[in-house]
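**Q** If you read the sequences in order, they're chains A and B. Just so we're aligned, residue 65 is where the first sequence starts under the numbering used here, counting upward by one. Just so we're aligned, residue 18 is where the second sequence starts under the numbering used here, counting upward by one.
Hint data in this document are derived by calculation from the structure and do not stem from the laboratory. Given the structure is predicted, the values throughout are model-derived calculations rather than measurements. Backbone N, C-alpha and C fix where the C-beta goes; we use that ideal spot for every residue, glycine too. Check before you lean on any hint, since a few could be wrong.
Claimed, not checked - To spell it out: a stretch of chain A is covered by chain B in this simulated footprint if at least three of its residues, at any positions, have a beta carbon under 8 Å from a beta carbon of chain B; those stretches are:
hint : region
1    : 213-221
2    : 233-244
3    : 279-287
4    : 354-361
Stated by the list, open to error - Result set (SDA-like, lysine to any residue): computed pairs, CA atoms no more than 20 Å apart in a straight line:
hint : chain 1 : residue 1 : chain 2 : residue 2
5    : B       : Lys-139   : B       : Val-196
6    : B       : Lys-250   : B       : Gly-237
7    : A       : Lys-145   : B       : Lys-139
8    : B       : Lys-142   : B       : Gly-130
9    : B       : Lys-36    : A       : Thr-149
10   : A       : Lys-145   : B       : Val-73
11   : A       : Lys-449   : A       : Gly-420
12   : A       : Lys-220   : B       : Asp-106
13   : A       : Lys-220   : B       : Glu-133
14   : A       : Lys-347   : B       : Leu-157
15   : A       : Lys-347   : B       : Gly-130
16   : A       : Lys-220   : B       : Ala-150
17   : A       : Lys-220   : B       : Arg-131
18   : A       : Lys-220   : B       : Arg-122
19   : A       : Lys-399   : A       : Gln-386
20   : A       : Lys-220   : B       : Ala-132
21   : A       : Lys-220   : B       : Thr-30
22   : B       : Lys-36    : A       : Leu-147
23   : A       : Lys-145   : B       : His-34
24   : A       : Lys-145   : B       : Val-76
25   : A       : Lys-145   : B       : Pro-74
26   : B       : Lys-36    : A       : Arg-144
27   : A       : Lys-150   : B       : Tyr-33
28   : A       : Lys-220   : B       : Pro-74
29   : A       : Lys-150   : B       : His-34
30   : A       : Lys-347   : B       : Trp-105
31   : A       : Lys-145   : B       : Tyr-33
32   : B       : Lys-36    : A       : Leu-146
33   : B       : Lys-139   : B       : Arg-122
34   : A       : Lys-145   : B       : Val-75
35   : B       : Lys-139   : B       : Ala-194
36   : A       : Lys-347   : B       : Gln-156
37   : A       : Lys-220   : B       : Ala-194
38   : A       : Lys-220   : B       : Gly-130
Each chain, letter by letter, is given below.
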Amino acid sequence: MSYVTLLVLLTTSLLGATAGMLGCFAILRGRALVGDVLAHAALPGICLAFLIVRSRDLSAFLTGALIAGIAAVALMALIRKLLPTKDDAVLGIVLSVFFGLGVMLLSVIQKLPEGGNRAGLTHFLFGQAAAISRNDLLLVFALSLVATGAIILLYKELVVASFDPTFARVQGWPVGLVDLALFSLVALVTMLGLAVVGVVLMAALLIMPSAAARFWTDRLDRMLLVAGGFGACAAVMGTASSAGWVPVLWGSPGEKLRLPTGPMIILSGAALFLGSMLFAPRKGVVSRAARLLTLRFRAALDHLLRELYEQTESALPQLAFQSSEQVRTRLGWTKIWMWMLTRYAWQRGWIRIENGQLGLLPSGLHRALQVVRAHRLWELFLLEKAGIASDHVHRDADAMEHLLPPEYVAQLEVQLAVPERLTQSGTSVPYSLH
Amino acid sequence: MSETIALEIHDLTVVYHRKPVLWDIDLRVPEGRLVGIIGPNGAGKSTLIKAALGLVPVVSGQVWFYGSPLRECRHLVGYVPQRETIDWDFPVTVMDVVLMGTYGRLGWFRRPGRAERELAQKCLKLVEMEEFADRQIRQLSGGQQQRVFLARALAQQASIYFLDEPFVGVDAATERAIVSLLQTLRDERKTVLVVHHDLQTVREYFDFAILLNMRLIAAGETSQVFTNENLRKAYGGRLTLLAEVAEAVHRSAVP
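Whole structure, please, built from the sequences with the hints as guidance.
**A** The following block contains the structure:
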């Protein structure tokens, strides 16, 4: 690894981690897009700084960017105070006006003898990671220390001010001051990020890691760590892929594909977000779908056993066979669903399958009885105690039979106990209502 | 022996967007009372609380808690905001929320320690939520969320409590539990002010009532305040003139 690559790697990962952590609070405070405004507003600030000092001076650029960012935020606050305009509208207007101003100034600078390209101003649009210097690393390192220190020191204050600002004010916390500290740090990390990922993409570096982290945990302290980790991870992945460590799938062999670092970092962050959204335990899409499918499968299994039982109830205690195809039609299932369920029930030893005929086995009968009992008791309860019409109770009971905990079934049984309802098999299953 | 005055409001006027919502409120609430703040929608009930707590700018008026202005006695004040002002998806647990009640006493930088956790646990027990301490707050029902908010206010260990519509979206069992808890607080000489809009339960819940409709109609013992005459003043048509004036001022002030 070359010295430059190491420098870029360290700087971007520190930047990503800091932006990720600060982004958590920016999102929770309901100000996720402040970073976006600050970043876009920085462009005219940088251009004006260049027009004044007439040379590529990083500290002048940062100062200009910071002043323009603060001006934009102040302007937003002013418009909100004076006019009854929606917050997001104000945000959109201010952001694009400042950005438009920046692009205009950029083309003015191109025409100057000093030239915009030589000054490297266009790099601020999408970032230029290769130009990162040792000074940049030191700045980012210092900022990450300050930001981490502030989060540790002010954790309690940040939490109460973001969760319930009204309550915080009653307790006497200067919520405005806490906000100021938080958004000063957001502004600083945004300014330093401009050189790496650029004006247009900086907001994503603040928002994506914390949005992804939210899928993994319900605790803020853990969310901060995860978001910091995701930010650093995205930076490392993005830097690595742009440095050509990823094998090129097209073009001539041995050729290294050079991709821009900033956008690659953002795309890596997006991949982490997508991965979190899909695969996070409990809140991820896959985990939710799996839970739903399990529930459906269990319900269908109960329906199958009940169907087999009810069709052969009159033949008890003999366990009669019936055509698998007919059962399937009555349940209205597809063949593949039927196959999955009968196979599962057969593996468990609940049913036997012979020549397309299905029959309950004793252990299956036992399970079926539990389901039927819950179903019929619930029907009776709805009919007698809840006063629901008899033609409605079946469908309701269909849904409830899988969910009724055993102790409730026992309670229902006591409440609804009438001797002649018990069937001849003595299993305390009431007679069917149909 | 004269009664201690827990809350005194003098000449309070509040204006929202150049439209008056509270006019010249003068009132004194003695210590150890359970107070209902009652009035029709838009009467400025919540605004009265918020103005007293310095949460909304006031045009005029002074507020004293036990004879001192708010900035000198914040530790005496407990607050339960309206439930829907909160993002319940926020990544904190029930315990975290209740601990926030102790933040005011802790001051800058200090984190809640063992003593604060024990206090929070005790407050959760008082609202019968101790087994929910580790739950994320989104997983609670409306009534449970309100109990957590109440536990947080209890953890403030205040002398005077303000509750903004604590019974909205809350089940009957929780409402009864909250009321009996508030009555216990009153019996411990705490003063509790509740923004309330169910006229049916006023006599049953509160021994002191503040009847509002943009101005103060009456304040005092519930039995004396809660008369047909006063209710007609607060809810009847006579105050429409005041509302019309307010509307007219609003229209002329905003071009």
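**Q** Each hint needs a verdict: does it hold in this structure or not?
**A** Quick rundown of the hints versus the structure:
{"no.": "1", "hint": "213-221", "verdict": "holds (count 5)"}
{"no.": "2", "hint": "233-244", "verdict": "holds (count 5)"}
{"no.": "3", "hint": "279-287", "verdict": "holds (count 5)"}
{"no.": "4", "hint": "354-361", "verdict": "violated (count 0)"}
{"no.": "5", "hint": "B/Lys-139 to B/Val-196", "verdict": "holds (18 Å)"}
{"no.": "6", "hint": "B/Lys-250 to B/Gly-237", "verdict": "holds (16 Å)"}
{"no.": "7", "hint": "A/Lys-145 to B/Lys-139", "verdict": "violated (43 Å)"}
{"no.": "8", "hint": "B/Lys-142 to B/Gly-130", "verdict": "holds (18 Å)"}
{"no.": "9", "hint": "B/Lys-36 to A/Thr-149", "verdict": "holds (18 Å)"}
{"no.": "10", "hint": "A/Lys-145 to B/Val-73", "verdict": "holds (15 Å)"}
{"no.": "11", "hint": "A/Lys-449 to A/Gly-420", "verdict": "violated (42 Å)"}
{"no.": "12", "hint": "A/Lys-220 to B/Asp-106", "verdict": "holds (18 Å)"}
{"no.": "13", "hint": "A/Lys-220 to B/Glu-133", "verdict": "holds (13 Å)"}
{"no.": "14", "hint": "A/Lys-347 to B/Leu-157", "verdict": "holds (17 Å)"}
{"no.": "15", "hint": "A/Lys-347 to B/Gly-130", "verdict": "violated (31 Å)"}
{"no.": "16", "hint": "A/Lys-220 to B/Ala-150", "verdict": "holds (18 Å)"}
{"no.": "17", "hint": "A/Lys-220 to B/Arg-131", "verdict": "holds (15 Å)"}
{"no.": "18", "hint": "A/Lys-220 to B/Arg-122", "verdict": "holds (12 Å)"}
{"no.": "19", "hint": "A/Lys-399 to A/Gln-386", "verdict": "holds (17 Å)"}
{"no.": "20", "hint": "A/Lys-220 to B/Ala-132", "verdict": "holds (16 Å)"}
{"no.": "21", "hint": "A/Lys-220 to B/Thr-30", "verdict": "violated (34 Å)"}
{"no.": "22", "hint": "B/Lys-36 to A/Leu-147", "verdict": "holds (16 Å)"}
{"no.": "23", "hint": "A/Lys-145 to B/His-34", "verdict": "holds (10 Å)"}
{"no.": "24", "hint": "A/Lys-145 to B/Val-76", "verdict": "holds (18 Å)"}
{"no.": "25", "hint": "A/Lys-145 to B/Pro-74", "verdict": "holds (14 Å)"}
{"no.": "26", "hint": "B/Lys-36 to A/Arg-144", "verdict": "holds (18 Å)"}
{"no.": "27", "hint": "A/Lys-150 to B/Tyr-33", "verdict": "holds (18 Å)"}
{"no.": "28", "hint": "A/Lys-220 to B/Pro-74", "verdict": "violated (26 Å)"}
{"no.": "29", "hint": "A/Lys-150 to B/His-34", "verdict": "holds (16 Å)"}
{"no.": "30", "hint": "A/Lys-347 to B/Trp-105", "verdict": "holds (16 Å)"}
{"no.": "31", "hint": "A/Lys-145 to B/Tyr-33", "verdict": "holds (13 Å)"}
{"no.": "32", "hint": "B/Lys-36 to A/Leu-146", "verdict": "holds (15 Å)"}
{"no.": "33", "hint": "B/Lys-139 to B/Arg-122", "verdict": "holds (17 Å)"}
{"no.": "34", "hint": "A/Lys-145 to B/Val-75", "verdict": "holds (17 Å)"}
{"no.": "35", "hint": "B/Lys-139 to B/Ala-194", "verdict": "holds (16 Å)"}
{"no.": "36", "hint": "A/Lys-347 to B/Gln-156", "verdict": "holds (13 Å)"}
{"no.": "37", "hint": "A/Lys-220 to B/Ala-194", "verdict": "violated (30 Å)"}
{"no.": "38", "hint": "A/Lys-220 to B/Gly-130", "verdict": "holds (12 Å)"}
Checked against the numbered hints above, the structure violates hints 4, 7, 11, 15, 21, 28 and 37; every other hint is satisfied.
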